[in-house]
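K.L.:
Residue strings, one per chain:
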Amino acid sequence: MASTIFRSFQVHPFLLYPTSLLGRRNGVLYCTMKTTQSQPATQEKHSPQTKVSSSSTQSKKLNKIAEDYEAVIGIETHVQLSTLTKAFCGCPYNYGSPPNTCVCPICMGLPGALPVLNSRVIAFAVKLGLALNCKLSLNSKFDRKQYFYPDLPKGYQISQFDVPIASGGYIDVDIPVEYGGGHKKFGITRVHMEEDAGKLLHADNGTYSQVDLNRAGVPLLEIVSEPDMRNGIEAAEYAAELQRLVRYLRVSNGNMQEGSLRCDVNVSVRPIGQSKFGTKVEIKNLNSFSSVSRAIDFEISRQVQLHREGQEDQIVQETRLWEEGAQASTKKTVTMRKKEGLSDYRYFPEPDLPMVILSQEYVDDIQNSLPELPEIKRRRYEKMGLSMQDVLFLANDKNIADFFDATIAKGADTKLAANWIMGDIAAFMKNEKLTINDIKLTPEELSELIASIKDGVISGKIGKEILFELLAKGGTVKGLIEEKDLVQITDPAEIEKMVEKVVAENPKQLEQYRGGKTKLQGFFAGQVMKLSKGKANPGILNKILLQKLNSKN
Amino acid sequence: MLSALQTPRSLSRFPLLHSPKPFLFHSSSTCRFSSRPLPYYASLTDQSTPTSTSPPQSQIVNTRHALLSGRVTATELAESYLNRLRLTEPHLKSFLHVSDSVLREAQEVDRKIAGNEAVGPFAGVLVGVKDNLCTADMPSTGGSRILEGYRPPFDATAVKRVKDLGGIVIGKTNMDEFGMGSTTEDSAFQVTSNPWDVSRVPGGSSGGSAAAVSAKQCMVSLGSDTGGSVRQPASFCGVVGLKPTYGRVSRFGLMAYASSLDVVGCFGSSVADAGILLHAIAGQDRFDATTSKQDVPNFIPHFAPVSSLESKPLKGLRIGLIRETLEDGVDTGVVSAIRAAALHFEELGCSVNEVSLPSFSLGLPAYYILASSESSSNLSRYDGVRYGNQVFADELNSLYGDSRAEGFGSEVKMRILMGTYALSAGYYDAYYKRAQQVRTIIRNSFKEALNQNDILISPAAPSPAYKIGEKKNDPLAMYAGDIMTVNVNLAGLPALVLPCGFVEGGTAGLPIGLQMIGAAFNEGELLRVGHIFEQTLEDCRFVPPIIADNVPC
Ligand SMILES: [Zn+2]
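Heads up: the protein sequence lines correspond to chains A and B, in order.
Residue numbers for the first sequence follow our numbering, beginning at 1 and rising by one.
Residue numbers for the second sequence follow our numbering, beginning at 1 and rising by one.
Each hint should be verified, as a subset may be incorrect.
What the hints assert, rightly or not - On the chain A side, residues computed to face chain B include the following (Cβ under 7 Å): (1) Pro105; (2) Gly112; (3) Lys154; (4) Tyr156.
It should be emphasised that the hints constitute simulated quantities derived from the structure, not laboratory data.
Every residue gets a Cβ at the ideal spot worked out from N, C-alpha and C, and that includes glycine.
Sequences and hints are given; from them, build the entire structure.
P.N.:
What follows is the structure, given as structure tokens:
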């Protein structure tokens, strides 16, 4: 556990005041917003899997760019933590709640309200910091970042400035085979804790805006990468690996569509050989890995084009928005706001919160409780002899990896288990829109199924039938085999009887076969299999069938 | 996974806010107090002898004694106080709001006593509350136009604790806007007068609370002290003012001025009352992360009647007289009153030595930089968006600008500007950071001085109460008046101010306050020594002429 000082940070149940007290205008602000602000647009449908894609034309274009220009990409990622309550008050936060229903005097910034840190935020920050191979600050603090905006109730955001809780780490990424493969290491500059702001809801006619403070005070971790990425794919893979990590650690649901994982990307371009960075441009509104990848590649092309035309002075420090048009030609980045000098946030130490003091023992406890992380899992799967494609698929989702691990722990063959999971089971989940936790099949039964096929108890074909039964309804392999009398027939005498019956019942085909139409062997095999209700061992069947077909000659 | 770690939100208001406190008064201690004439009778019925030299006694204890013995009802008591309030208020203007439920609450106390129900130790005690402490059933403006009519949805922890013990909040007292001022002239609503001479200021910023206790409009009152806002008005009005150690009393519900300096403090007409009120409100609060876990000792044994004392009751106590507080710029009348107090300590058996705090003069500039910096941040939430004064505008920046321009007074605006400047990029190191370094030096020099001495003494202010308007247009002169008190806030130490003498002025002289500074969390020692000093001070009765002349009740 943490030191005594740390222990004094406790979670505080806080109650909601009657809604009528909360806002004299029902929590609504009426006024126009002259400043533009990025509004996370809802885009792709729910996609739990992290799959990075990029248009092939852009990739080709990039190859050409790579010859004389180099892009430098850094990413700032905000991860919303899945603590039960907010960072500094006892309000729960549920995405999609009606506006201003998850609020209290503290997260509304009422006069006299004070923040009290939710200790789970520290635990989650330490977890992620360790998982990102960072050095932890045993003594860190909170600071106030000050600016005015209606979604920021206190007029400042509680954040960490000069002493982040974790810094100087790295993340390991395997680039998928289809994008050239390879292993990359990207630096992590820092991880710090902060609170989220509320949301502005702009009226359709643009005459007023409303403030929803449900999200205000929700804990975030901001992860800042080193400028180590060189193209859209690398950046998207970096983001995907971060998503994987936070999901493995169960610190966040990592859902990009709901804004639980938000990436702001900085892109600059410079001629190869130049050591000075080019002017960097920030891109926001990236709601999927593919938009991360596409937006970066678009932005690189745009900047390289300007370089080529001798107009690099047109590249200015600014924030651009990624617009997802319907066609490839309408997907582009557009200027959101130009930065006129650096904003002065007038950071100073947050006087309402004590220092964050971690004991080594507390850190060690968390270190020891970390699950096997994706990178270590991938290397282990690789050593098992699985192909990189299998490795990436299985390790992508912790639940699938856990299922796979449990299956092979029961003694199943590694490669067969991988094939079943990635093949029929994945297809079933996709069709039925289920996750691996929803299916009725257990790792024990999958292992049993694989063994039953391998040992010849059932055929592969029967195996598949049983699998779908198990996926949909559950039960055991043994039970199904017995119940449906599916045990494979391996007794040659029994099979011979069936072969003889089929041969005898099809004299015409026999004659044709013996006349040279040997393709008909398949017909006979099929008939015998049908007669055995699919249970005849195909090897024995074919051996006996050939003997019978050819013996009378 | 998290549910076990986080207490579920409750739907009742702060259900677990305070565990009930042990009953304060044992029958034995009340007996000792009752060995003297009951002061509330003195003030209510014995007004023919206002020059009596009998030392002040606890209004709280005597109220309880009188109520439980049936000599007076809470309703009678409340009526007499309300009558006096009505008579004096047109001259004093100490209250911004007077509760309309005082009599109802008093009747409830009487009903309980009649029905032999238990009543809390503050039953029937009439408490004034500074307007920057949130009260759920009364407006709370902090003396600012920007919060005119604002009603918080919760009670400040200090207020709630007093109410839970049976205290009756009689009203909200006037103050300089958000605590920024030393006279109450910077209240957005009215100027409070000093009961000793209504042409003079009562001090500030808790001027309303001090004047109200002085003029017996209430028995005790709550204030707040950021740079002397309890102690200086206590000195000006001739009452006892207690500034607790930083972290001793929860700031939850106190509208923040400078969070690292703010403390809720107590006013009473006796040291015992200030101590008993402190005991009621002190202690850790899980809604204020900066409150200390330190136990709150029972101060009652310190308030023994003077008859039980030996001849040299403070034998061996080391008193340090801070040399720098008696130098140039301090009124000669103040200096002689403090020197007389030092002599009185020697008579009580103390050793009094002059002690030098070379960093003393650094306190004032450091204080004004730190307090302004923090206030510039703390007051950002008053943006007209969610509550308080909103000036309608069709554009966001005008809404902010106009709401704040109209809502804040000039002193507040000046401090916001100074603080914003001090925190700005490029100035932070020269101002804020340097002021923090000075703060460390001051803290260390106090620590050293308190190693050599048990208690440090000084004037509470360099002058007695001055005329209304005298320093209104000379902010530097007004700031200089805080020299005696700001160092104590920077060091976070407890300090007790009690009247020790008079200088000429007004019709009956003007009271002078003695400041006693103790070690952190050692309020008990200050109260013990202060009580003995007070009870042995002869020929001084601090009843202001406004009620000494004609108290009809
Ligand atoms: Zn809240």
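K.L.:
Look at each hint and say if it fits the structure.
P.N.:
Hint by hint, here is what the structure shows:
Interface hint status for Pro105/A: upheld, as the beta-carbon distance to the closest one in chain B is roughly 6 Å, under 7 Å. Interface hint at Gly112/A: satisfied, since its Cβ lies 4 Å from the closest Cβ of chain B, which is below the 7 Å cut-off. The restraint placing Lys154/A at the interface with chain B holds, with a minimum CB-CB distance near 5 Å, inside the 7 Å limit. Nearest Cβ of chain B to the Cβ of Tyr156/A: about 6 Å, under the 7 Å cut. The hint holds.
No hint from the list above goes unmet by this structure.
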